[in-house]
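Peer 1: Sequence:
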Amino acid sequence: MKEIVPGIHHWTAVHPKLKIVVSSYYLPDERILIDPLIPADGLKAFQRGVQHILLTNRHHYRQSGEIQGAFGCAIWCVETGMHEFTQGEKVRPFKFAASLPGGVEPI
59 MKEIVPGIHH WTAVHPKLKI VVSSYYLPDE RILIDPLIPA DGLKAFQRGV QHILLTNRHH
119 YRQSGEIQGA FGCAIWCVET GMHEFTQGEK VRPFKFAASL PGGVEPI
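Our numbering puts the first residue of the sequence shown at 59, with every later residue one more than the last.
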């Protein structure tokens, strides 16, 4: 995991289903993950904890359920993608005009 700009950490990992390298992000001050896969260091990499997971689209759920189980955090996905979650995933919808946790504004 590398801090790419102040307050935003980035890492890559191989997606377990697709077998391609994908990116994930952590905002430690806000305790937010974006499109997460668990990094090589495991959950201990999130030393400040995780309160929210933001999905940039419905296909980026990845290992969010595992992280939610460990931290009890909320998972957010744009409302138009909610039909993807049919296996009891605890995902909250948001609209593009909404202001998300940490002041993130989806566009």
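Bear in mind the hints are in silico, worked out from the structure with no lab data behind them. Bear in mind that the values here come from a model prediction, so they are computed numbers and not experimental data. There's no promise every hint is true.
As the list claims (entries may be wrong) - With a cut-off of at most 30 Å between alpha-carbon atoms, the simulated DSS-like pairs for lysine-lysine come out as follows:
1) K60 x K77
2) K77 x K148
3) K148 x K60
4) K102 x K77
5) K148 x K75
Peer 1: Confirm or reject each hint.
Peer 2: Tested hints:
no., hint, result
1, K60 x K77, "holds (22 Å)"
2, K77 x K148, "holds (25 Å)"
3, K148 x K60, "holds (29 Å)"
4, K102 x K77, "holds (24 Å)"
5, K148 x K75, "holds (21 Å)"
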